[in-house]
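Q: Could you build the full structure based on these sequences and the hints that come with them?
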Amino acid sequence: MQLHVNTGDGVPIYLQIANQIKHLVGARRLVPGDEIPPIRVLAQQLVINPNTVARAYLELERAGVVIKRHGSGTYVSEQGSPLARKERLKILSQRIDSLLTEAGHLEINDEELFKLIRERSETLRR
Amino acid sequence: MNSPSAALVWEIWHRHRNRLVAIGVAILGFALIYPRLCAFYGLRLDLPNALDAIPESQISERIKQGHPLTAIAEILTVLFLLLGPLACMLLSLLYLIWMFTFAEQDARKGFAVPVRLFRLPISTGFLVGWLSVVGAATITLVYLGWTRLVHLPRIDIFEGYPSLLIWLTLLLVAQALVWALDGFPVLRLLALSGVIFFFGFLAGPSIHDHPWLEQNRSSILLALLALGSASSFVGLHKIRHGEWQTWSWPGFLRARGAHRAAASTKSAFKSTARAQFWFEWRRSGQKVVLATCALSGVAYLIMAVVAAGVGVLSEGDTDGLALYLLAVPIFLHLVQGIMPERALPMFLAVRPLTSGEVVMTKLKVAGLSSALSWLVTMGLLAFVPLLGNLSGQLDPGRLLARFEHLPALLPVILVGVIFLTWRLVAANLCFGINHRWLKLWPVLSPYALLILYGLMVLYSGVSGFRHAVSITLPFVLGALVVAKFWLARRVFRVCLKRGWLSRSALFKYLSVWAALAAWFLVPTLLFMQREAEIVSIVLAIILLLPFARIGLAVLVVNVSRHR
Amino acid sequence: MSAPETANAVEIQGLTRKFKDKLALDNVSLRISRGRVFGLAGENGAGKTTLIKHILGLLKAERGTVRVFGLDPVARPAEVLKQIGFLSENRDLPAWMRVDELLRYTGAFYPTWDTTLAEQLRERFCLDPSARVKTLSRGESAKAGLLLALAFRPDLLLLDEPSSGLDPIVRRDILEAIIRTVADEGRTVIFSTHLLDEVERVADEIAMMFHGKIVLSGPLDEVKENHYRMVLRFETPLAVEPKIPGALSIRGSGQEWTLICNGGRQQTIEAATRLGGRVVAEETPSLDEVFIARAASNVSAPKA
Chain A
17 MQLHVNTGDG VPIYLQIANQ IKHLVGARRL VPGDEIPPIR VLAQQLVINP
67 NTVARAYLEL ERAGVVIKRH GSGTYVSEQG SPLARKERLK ILSQRIDSLL
117 TEAGHLEIND EELFKLIRER SETLRR
Chain B
5 MNSPSAALVW EIWHRHRNRL VAIGVAILGF ALIYPRLCAF YGLRLDLPNA
55 LDAIPESQIS ERIKQGHPLT AIAEILTVLF LLLGPLACML LSLLYLIWMF
105 TFAEQDARKG FAVPVRLFRL PISTGFLVGW LSVVGAATIT LVYLGWTRLV
155 HLPRIDIFEG YPSLLIWLTL LLVAQALVWA LDGFPVLRLL ALSGVIFFFG
205 FLAGPSIHDH PWLEQNRSSI LLALLALGSA SSFVGLHKIR HGEWQTWSWP
255 GFLRARGAHR AAASTKSAFK STARAQFWFE WRRSGQKVVL ATCALSGVAY
305 LIMAVVAAGV GVLSEGDTDG LALYLLAVPI FLHLVQGIMP ERALPMFLAV
355 RPLTSGEVVM TKLKVAGLSS ALSWLVTMGL LAFVPLLGNL SGQLDPGRLL
405 ARFEHLPALL PVILVGVIFL TWRLVAANLC FGINHRWLKL WPVLSPYALL
455 ILYGLMVLYS GVSGFRHAVS ITLPFVLGAL VVAKFWLARR VFRVCLKRGW
505 LSRSALFKYL SVWAALAAWF LVPTLLFMQR EAEIVSIVLA IILLLPFARI
555 GLAVLVVNVS RHR
Chain C
188 MSAPETANAV EIQGLTRKFK DKLALDNVSL RISRGRVFGL AGENGAGKTT
238 LIKHILGLLK AERGTVRVFG LDPVARPAEV LKQIGFLSEN RDLPAWMRVD
288 ELLRYTGAFY PTWDTTLAEQ LRERFCLDPS ARVKTLSRGE SAKAGLLLAL
338 AFRPDLLLLD EPSSGLDPIV RRDILEAIIR TVADEGRTVI FSTHLLDEVE
388 RVADEIAMMF HGKIVLSGPL DEVKENHYRM VLRFETPLAV EPKIPGALSI
438 RGSGQEWTLI CNGGRQQTIE AATRLGGRVV AEETPSLDEV FIARAASNVS
488 APKA
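Protein sequences appear in the order of chains A, B and C.
Going by the numbering used here, the letters in the first sequence line up with residues 17 to 142, in that order.
Going by the numbering used here, the letters in the second sequence line up with residues 5 to 567, in that order.
Going by the numbering used here, the letters in the third sequence line up with residues 188 to 491, in that order.
Check the hints yourself; a few may be wrong.
Unchecked claim - List time: in silico DSSO-like cross-link candidates among lysine-lysine, alpha-carbon distance up to 27 Å: (1) K512(B) with K269(C); (2) K368(B) with K269(C); (3) K430(C) with K501(B); (4) K84(A) with K102(A); (5) K501(B) with K247(C).
Stated by the list, open to error - Listed next, with one range per pair, are the computed distances between beta-carbon atoms: (6) L169(B) with E249(C): 32 to 38 Å; (7) E77(A) with E306(C): 44 to 50 Å; (8) R45(A) with V466(C): 35 to 41 Å; (9) R221(C) with E77(A): 33 to 39 Å; (10) V47(A) with R221(C): 35 to 41 Å; (11) Q453(C) with N125(A): 30 to 36 Å; (12) G482(B) with G201(C): 47 to 53 Å; (13) E372(C) with V47(A): 33 to 39 Å; (14) T322(C) with G482(B): 53 to 59 Å; (15) L491(B) with R221(C): 32 to 38 Å; (16) E306(C) with M17(A): 28 to 34 Å; (17) G201(C) with A277(B): 36 to 42 Å.
As the list claims (entries may be wrong) - Some but not every residue of chain C turned toward chain B, in silico, with C-beta under 7 Å: (18) L246; (19) K247; (20) V261.
Hint data in this document are derived by calculation from the structure and do not stem from the laboratory.
Each residue gets a CB set at the ideal place from its N, CA and C atoms; glycine is no exception.
A: Below, the structure is given as structure tokens:
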């Protein structure tokens, strides 16, 4: 599981970890039943405080993405899949917000923007 | 600072200005005060051999009257008055030579020429030339100051000794050795000790026994001068351009080193005391013993070579060798005693180690180094008669005949010598870290006090004065002994209460102290009970044994640890 | 003869220290609980090393008290030092010792010294046992020093600028070792540094020092949440810095200005609006930025 931590990001580290794991679950790189590394191991791997990792895991547990099985570790939860879609949409809508704001700054209206999106989508598919 | 030469000179001056001023003051002081002092005490400086001024008849009479302590004090005082200025001159010139080798203490390389000099935009030839020229000029100046301004006593056996050429050659050879042998500290030490011994030999009294050397002395020195300059240049050039770094010890020596490293999978230390002892031994104790071996060994080898060439050494040479060997451990321990030790290094300060343990370990290490150095010295001395015969005063056979108790007292004397050498280091531990010149006092204080006493005795202005002084001596010593024990009690109490010193360590030290006291006092009481000054002698011995100082040392270490 | 189990590893109250004329520590009070990673940030000369020396008992408190695990490090140095593993900034290891001798010698002082752990660490740090300390590179001697501090599993690991002058690989090794310490046994770690991104990754609580005073202290999360970086856009370009109360630092030119503030978000926005600006971005600043902003605001404010 490859995660990255960026200290100057503006986003707290535990959130970065939680988000990235949610990404991975959403992108099916982590399927329900997969084990997430224990807190200690991930902390050593990423060279961050174990408490931060613990907080990230707590956040994930609260969101229902992972489940902690007593004594045997943390696993991606079964209910991961339906929530994944919601998570995916949420992440995309955040990006869309930034895109729209920037388009506003650059003075490009909505129609031109949608046209551009369609063009880019076709280019990428080819 | 307009030119590199001025900058270099300024740097030398600035770094050593206190000591240079002290030398200047010493010269002037001696010039003004010394002749008057000698006249005051009735010592004549115009004798061909100033040592004749020692009132020998007076002294042996005093011994017969039962005042050995006073006799010793008088001898020491006269020697001090006569040889004092000579010793100052010697020390100041040696110090100047050391100064102009420009070596600094470097963490990685030990004593070496500082690398920053090589980054300056000056050529190697300029650096060598300038340091040599300025050094030679300073030494000449100081030498002339001593010989012309101060009325130095003449000692006929040392005639030719204060020769300027010898000093200049020594400067250039020392520079050459320090610069050329930069990466080889052991080799450098051996070479320097050989050189110093050889120069001492050239300047000393026994040169008269070697007419060939005596006649060609100047040419030898000039040749060495040239060789020294050339070596300095080559050596410095090589250091500057890192040429020595490609050189390494031949294969078989390196293999031995690696084998030793592999074999050192020793088990852990059994206790912190042993670990600390190992540390102090490796850090300082070992060096003194090795230096003794190096300095003494080299001297012996040189004389052995001379003996092989000449057949049998003359009495003068043999005497010189014996005296040199005796002086080496004393000198080394004296230097160790006054070397500045920076406040407890951080590495030690953060260990869970009490100040008492630190001090006790230093004492133990100093004791071992003193004992081992003397063992080496005695061993070499035993082989000296192989090379030649000792003169009358030093010949053991004749000494044994004069003092019939000598064989019985030999162990006492041996332990006494080891003890006094140990004391040179131990007595100093209680004095601070900062003021190096202050450190000479605790080490030399008993001798200084004796000299003070001798000065008072020699003063013959008021007739009853000498008598009065001898009568009050026991009381003065008695008061000092009482003060010593009172101070010790207070200091040790504080150390025990605060936990800086453990009871068992204190008990061990007390037993050692008591054993030493018994070792010295019992023979004294047995053999000297009929002397009039027996009380003073006993009190003096008790004063010599460091007691309160040790407690003070623990206090000082503790203060430096928690500023 | 151990002190009662205290919750705090280190307790400092009102510590003041002067060196000749310079005030090195000015009424410093800190409480560091067991099992936490505490980061001490500050510029060079802020007083971090002085504070650390007080914890070690190398300096005696002129005014105020210092307690380590409930004990006074000056009165009971042997007991306190047995529990502290210290890595000094200068790495003053004896130059003549070999690495294996270093381990053997240091191990004799600590009853909790674990020889197997020492060996493991030595191998992990790739230190040649027969190498003399004076031939070690800077990174290697830092690792050797860290080894000595870790091998006896101290209750308190105290590091003074552990990463100073080291390449990124060695820095990572050191941080990893710190994390492993905390993760494995929940021991307390205090480290001082001016590399704030290390603090962000690794610390639970931080304190920032400036000219001998603590200007900021508390859990890292709170500190980060209380500071924010706002980008303002003004309709008309401003020739001079806008004066916005509550802003620790303001930078920019013309129409766009970035400010770092802490607390009082609403008032800041109102003040900005009054001056004719609007907020275009709002983010959490990095600790570096917080530190620089704090330092700048301390410089401009009159010294108390």
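Q: None of the hints should be skipped; say for each whether it holds.
A: Quick rundown of the hints versus the structure:
no.: 1; hint: K512(B) with K269(C); verdict: 25 Å, holds
no.: 2; hint: K368(B) with K269(C); verdict: 25 Å, holds
no.: 3; hint: K430(C) with K501(B); verdict: 62 Å, violated
no.: 4; hint: K84(A) with K102(A); verdict: 22 Å, holds
no.: 5; hint: K501(B) with K247(C); verdict: 19 Å, holds
no.: 6; hint: L169(B) with E249(C): 32 to 38 Å; verdict: 59 Å, violated
no.: 7; hint: E77(A) with E306(C): 44 to 50 Å; verdict: 39 Å, violated
no.: 8; hint: R45(A) with V466(C): 35 to 41 Å; verdict: 37 Å, holds
no.: 9; hint: R221(C) with E77(A): 33 to 39 Å; verdict: 26 Å, violated
no.: 10; hint: V47(A) with R221(C): 35 to 41 Å; verdict: 40 Å, holds
no.: 11; hint: Q453(C) with N125(A): 30 to 36 Å; verdict: 33 Å, holds
no.: 12; hint: G482(B) with G201(C): 47 to 53 Å; verdict: 52 Å, holds
no.: 13; hint: E372(C) with V47(A): 33 to 39 Å; verdict: 34 Å, holds
no.: 14; hint: T322(C) with G482(B): 53 to 59 Å; verdict: 58 Å, holds
no.: 15; hint: L491(B) with R221(C): 32 to 38 Å; verdict: 45 Å, violated
no.: 16; hint: E306(C) with M17(A): 28 to 34 Å; verdict: 31 Å, holds
no.: 17; hint: G201(C) with A277(B): 36 to 42 Å; verdict: 39 Å, holds
no.: 18; hint: L246; verdict: 6 Å, holds
no.: 19; hint: K247; verdict: 5 Å, holds
no.: 20; hint: V261; verdict: 5 Å, holds
When the structure is compared with the earlier hints, violations turn up for hints 3, 6, 7, 9 and 15 and for no others.
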